[in-house]
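K.L.:
This is what each chain is made of:
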Amino acid sequence: MTDTNPPRPARLDVRPVKRPIWQRFSLVWLAPVLALAVSLGAAWKNYADRGTLIVISFENAAGVAAGETLIKYRDVTVGKVETVEFAPGLGDVLVHARIDKDVAPYLDDDAEFWVVRPDVSVRGITGLDTVLSGVYIQGNWDTEADVAQFEFTGLERPTLTLAGQDGTRIILRATDGSTVSAGAPVLHKGIEVGYLETPELNFDGSEVIVAAFIESPYDRRITTSTRFWDTSGFSVSFGAGGVSLNVNSLASLIEGGVAFDTVVSGGATIDDGHLFSIFNNEQSARESLFTDPDAELLHVAVLFEESVSGLTVGSEVRFQGIRVGEVSEISAIVVGEGDTAQVRLQTVLAIEPARLGMPAGSTNDDAIALLSDFVSRGLRARMVTGNILSGSLMIQLAEIEDALPAIMTRAVGPYPVIPTTDSQISDVAATAEGVLARINALPVEELMDGAIDLMDSLERLANDDSTRQAPQSLVALLDESRALIANDDLQNVPADLRAVIAELDSIVARANELDIVGDIDGVVASAAQTVASIQTATQNLPQITANIEALTAKANALELEALVASAGSTLDSIDALIASDDTMDLPGTVNGALDEMRVFLAEVREGGAIENVNAVLASANEAAQAVEEAVAGLPELSARANSLVAQTQAVIESYGERSRFNAETMATLRDIQSAADALTALARTIQRNPSSLLTGR
Amino acid sequence: MQVFDLGSTGTTAGLITARNAGLVACQRCGQVHAIGTAYCKRCEGRLQSRDTQSLQKVWAWLIAGIIAYFPANIYPMLLTNTLVEHSESTIIGGAVDLMHHGAIGIALIVLFASVVIPIGKFGAIIYLALSVQSKSARNPHERHKAYELVEFIGRWSMIDVFVVAILSAMVQLNTVATINPGIAALSFALSVIFTMLSAQSFDSRLIWDADKP
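Sequences listed follow chains A and B, in order. Going by numbering that gives the first Met the number 0, the letters in the first sequence line up with residues 0 to 696, in that order. Going by numbering that gives the first Met the number 0, the letters in the second sequence line up with residues 0 to 212, in that order.
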């Protein structure tokens with residue numbers, strides 16, 4: 000084999016064919032394309048899903064942090080704060096936030112935003128989660144998509160009523176805002192059915208306006224005849240049942256609150272925003288049911304010269320005893336000018352015309368005309384004591400009978416002025432002091448001593464033997480008295496007298512016929528002696544009278560201790576008197592005298608001393624006069640005996656009406672009375688015709 | 000037998016490459032075959048004298064890595080929920096926070112691992128790719144070292160992702176404290192992976208092709 004180079008083909012031009020670009024193109028390029036697509040896609044989605052930018056301006060954005068603070072709607076996050084900046088002029092803080100696109104259309108002009116912060120109140124703690132997580136912005140809007148807004152003003156305090164909450168919002172007005180606070184409960188029969196929103200002053204600052212939200216379905220309980228009253232704090236009332244302390248709830252104690260009730264049916268249903276008044280208490284709220292609390296009030300002024308201390312805004316105004324309004328303002332006002340200027344205290348009365356009896360629809364002018372009419376007829380305002388304990392006063396519109404003529408004027412201030420009259424203020428201090436002074440001055444100790452003494456005296460008297468014996472003594476006395484009066488001799492006296500008189504009559508008749516002058520001296524002497532005897536006999540009567548008088552005087556003195564003793568001694572005296580010989584002898588003496596008279600007359604008849612008849616007649620006349628004088632004491636005696644009987648009767652009645660003693664005493668007294676009556680009759684007979692003693696006619 | 004002076008590099012005269020010698024080496028087992036052979040007779044590995052699509056792959060993965068690197072820095076890496084607060088920290092934000100808290104060392108480590116290294120890798124790969132494309136013959140040794148460094152360091156870039164993964168697994172105390180990975184963690188991991196793929200796609204033999212004998 001030879002090493003020959005075999006012929007070889009030319010060297011191959013081995014070059015790779017330029018493949019088309021799609022063949023040279025590596026599949027790896029899909030990776031960056033995919034990555035780019037994913038990134039761009041994500042970026043686009045991110046951009047497209049980016050929320051709507053809104054701006055909320057707050058006065059105070061404490062705790063709001065850019066990029067962190069969330070915006071929540073019903074506790075669901077719907078956005079986030081992007082930046083926080085100041086408005087031009089540094090007046091507000093502008094919070095820029097992104098709101099989710101699907102929520103943004105609902106943010107119309109009713110949307111509200113506020114910053115939720117931890118809040119500790121009487122009703123509980125809210126926003127506690129924000130202590131750890133930081134504040135968030137709560138939004139509130141309704142579910143109606145209206146014209147979307149992008150700029151909002153944030154609230155300083157949370158709105159209490161969330162949009163879409165069922166219920167009714169009403170407006171309440173009160174004279175004092177201290178009793179209502181935002182969030183305070185609205186109670187109905189003790190159940191919390193709503194709450195108050197933030198109180199505000201009305202446009203002229205005279206009242207406090209607060210909106211209240213009543214939740215459904217309780218809002219159906221509210222009609223035009225519903226009344227609201229203040230339940231804040233607690234009330235203490237004094238009454239017959241003692242002290243009553245009334246506390247509604249702890250929350251309302253601190254925060255205030257209102258309650259309502261609808262007592263009268265027939266009220267019309269109300270719409271949102273209906274205006275109600277808040278009454279001070281439940282009683283006045285219920286009292287107001289028959290008047291329109293929202294009626295316009297009539298304001299009149301009263302100028303007092305004296306101090307109005309004790310009169311307060313809200314003090315009652317009464318007309319004829321009916322409450323017609325209250326004091327709405329007390330202020331000092333200058334009356335007159337220059338030297339005559341005086342400071343008066345102007346009290347403005349807010350009067351409800353309806354309570355004056357004005358028909359519905361009357362205007363204030365009508366009420367003023369009515370009041371002017373009353374004033375011209377004597378209506379005056381005055382302060383009277385409302386509560387004697389607290390010293391509070393109220394205004395009374397009273398008609399004064401003899402009032403000086405006056406008219407209502409508009410001279411001072413904006414209100415018509417009702418003239419005043421003197422106030423009737425009873426000062427409780429003075430009154431109570433006087434009462435206490437009088438009680439203090441009562442001699443209680445002396446009274447007790449006296450009572451004790453009286454008891455002792457009564458005891459002694461009752462235990463005294465003489466007291467016990469007094470009834471027996473009286474019985475004995477009366478028995479004797481009866482025996483005396485029943486004595487025939489005594490009863491015969493008038494008959495005897497009549498007989499004597501008849502005989503005298505006949506004697507005189509005969510003396511007229513006969514000449515009796517011869518024995519005239521003896522006759523005269525005898526007659527004089529006779530007259531003296533009669534006189535002696537009758538002298539005992541004044542003594543009885545004196546005794547009875549003493550008894551009467553003692554009975555008049557009527558000291559109980561001495562009464563029974565005196566009565567005893569009196570009875571003893573009467574006993575002694577009746578038992579005395581003189582008394583017993585009285586009929587006998589009289590009889591004797593008459594006998595002597597008869598003897599004398601017989602002698603006269605026998606002697607025939609007609610000639611001395613004139614002298615006899617003169618002497619007889621004197622004798623008759625002496626008799627008459629003696630007898631003149633008899634009616635007085637009988638009158639005294641009567642009064643003695645009456646007094647004794649009164650005394651005896653105290654011993655018991657039915658007792659034997661009483662019965663006997665009464666019988667005795669009746670006998671004495673009849674005897675006295677007989678004496679009276681005799682005395683009257685003699686008095687009427689004294690000459691009958693001599694003439695026998 | 001011709002002795003090659005393997006100790007010399009660069010424009011060493013008389014240096015014959017395998018390609019010039021009509022040979023191709025199996026990159027899996029090192030067996031040398033005649034050029035044009037499709038498969039290695041020993042290990043059945045595919046034989047390629049040069050990967051013609053290498054640069055394409057490098058660029059593709061690199062671009063994907065760079066794309067992924069943007070969200071990794073924009074979006075939060077860590078979502079931290081505690082009782083007190085909810086915080087999201089990005090890579091740079093976290094490092095700045097650490098610096099504010101005085102942990103400058105840790106902040107530098109984080110910045111180095113999460114910012115310097117990835118960006119350095121991007122730069123290195125771009126430089127390598129561009130230099131190969133322009134058939135630059137300058138500093139092939141340095142470029143090769145850079146390539147090896149990029150390949151070596153690529154896996155360590157995952158350290159950030161590992162930290163996030165470990166924290167997320169450990170701190171799951173319900174409401175008290177929770178740490179969750181953010182979108183950036185995924186993006187960063189993707190970015191690192193893409194960059195590693197890019198570096199792997201680079202055929203380092205291309206560096207020497209410009210080294211003309």
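Heads up, a few of these hints could be off.
Claimed, not checked - Capping the alpha-carbon separation at 16 Å, the derived lysine to aspartate or glutamate pairs in EDC-like fashion look like this:
#1 A:K79 / A:D109
#2 A:K79 / B:E87
#3 A:K79 / B:E150
#4 A:K100 / A:D48
#5 A:K79 / A:D91
Said to hold, decoys possible - One side of the interface only, derived from the structure: several residues of chain B facing chain A at Cβ under 10 Å:
#6 C39
#7 E84
#8 G101
#9 S200
Claimed, not checked - Just some of the chain B residues that point at chain A, by a computed CB distance under 8 Å:
#10 Q55
#11 A59
#12 I62
#13 A63
#14 A67
#15 N72
#16 L78
#17 W155
#18 L185
#19 F193
#20 R204
#21 L205
#22 W207
#23 A209
Calculated from the structure, these hints are not laboratory results. From a predicted model like this one, the values you see are computed outputs, not experimental measurements. Every residue gets a Cβ at the ideal spot worked out from N, C-alpha and C, and that includes glycine.
K.L.:
Are the hints correct? Go through all of them and say.
P.N.:
Right, here's what the structure says about each hint:
1. A:K79 / A:D109: 20 Å, violated
2. A:K79 / B:E87: The given pair, whose Cα atoms are some 14 Å apart, holds under the 16 Å limit.
3. A:K79 / B:E150: The hint is violated at about 44 Å.
4. A:K100 / A:D48: 7 Å, holds
5. A:K79 / A:D91: With a Cα-Cα distance of about 19 Å, the restraint between K79 of chain A and D91 of chain A is violated, given a limit of 16 Å.
6. C39: 21 Å, violated
7. E84: 7 Å, holds
8. G101: Violated - the Cβ of G101 of chain B stays beyond 10 Å from chain A, reaching only about 23 Å at its closest.
9. S200: Hint holds; S200 of chain B Cβ to chain A Cβ min 7 Å, cut 10 Å.
10. Q55: With a minimum Cβ separation of about 4 Å from chain A (threshold 8 Å), the hint on Q55 of chain B holds.
11. A59: 4 Å, holds
12. I62: This hint holds: I62 of chain B lies near chain A, its Cβ roughly 4 Å from the closest one there, short of 8 Å.
13. A63: 4 Å, holds
14. A67: 6 Å, holds
15. N72: 12 Å, violated
16. L78: 13 Å, violated
17. W155: Where the cut-off is 8 Å and the nearest Cβ of chain A is about 22 Å from W155 of chain B, the hint is violated.
18. L185: 11 Å, violated
19. F193: 7 Å, holds
20. R204: 17 Å, violated
21. L205: This interface hint is violated because 15 Å lies over the 8 Å limit.
22. W207: 20 Å, violated
23. A209: Nearest chain A Cβ about 19 Å off; hint violated.
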